[in-house]
Amino acid sequence: MASNGSRKRVTGAVESTLGLDRNALQGLPLQAKRSSDGALVSLESLEGLTASDFASEGSSDVVSIPDACRSFSLRLASLEDGLAKQRVEIREMKDGYRVEIQEMKDGYRAEIQEMKVAYSARIDQLEARMGFLELDSSKYHQIIKRHVVEKVHAYLQRQFGAKDEAMQWDDYLATLFLTHKAWFSSNGLHLKDLGLLLVEKGSFTPFDQANRAAHDPPTATVDQVVEGLSSKKPAWRIWWQLVRDQQ
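Okay, so the sequence shown: first residue is 424 according to the working numbering, each after it adds one.
Careful, some of the hints might be misleading.
Distance condition first, Cα-Cα at most 20 Å in a straight line; then the derived SDA-like pairs of lysine to any residue [unchecked claim]: (1) Lys568 <-> Lys615; (2) Lys656 <-> Leu620; (3) Lys568 <-> Leu619; (4) Lys574 <-> Phe607; (5) Lys615 <-> Glu573; (6) Lys604 <-> Ala585; (7) Lys508 <-> Tyr520; (8) Lys655 <-> Leu621.
No lab work stands behind these hints, which were simulated from the structure alone.
Generate coordinates for the entire structure from the input sequences, incorporating the hints supplied.
If you want it as structure tokens, here you go:
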């Protein structure tokens, strides 16, 4: 350090060279100095004296601080070396993560593809099964229609008298309509609605005697099917309600 205006200049030069701030330089130990008359001062007189103390005494020449420079140079070199190693480690970590992430992506792609294939096969199976169920459901609806018709036939015979053994159902129903037209009208039934009560009963039909599923299906199931049928032909609901009211 120096006094008489040169202190700041020297301090700034040291700061610039070492990359140190002014506060760090204030505590550096001194090695030698010159007095105002140019004579060297013994090193013993500098023991315990810092750069800050030296400057405050008004001494006039430059202080040599080689050990401090050497120490900071070594420290700086060590820091730079450590920083270089950290850069290498960070680069290696990035490369490793990049490879690991890519492997994970590839693995997920393969797994997702396998899942898609498996789900596609499962969907095909379900669609095939759904087709069978829809076919079975259609047949079962026909069976329940037969059940409702049989119940209505029994209801009409209790209400108006039994059908003659030799008489066809279409003739019997037509006779009832002509004889009891007021009753049919009061229940919201018309001649065309009698056609719902005529079903095919021969072999190879859903109403073949061998088909036992038509025997007493659950009432709740019949109600559900009748509601579906009534969406197109409301008379189904009327016929079935007449039967339900008498049960």
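Structure versus earlier hints - violations, ascending order: When the structure is compared with the hints, none of them turns out to be violated.
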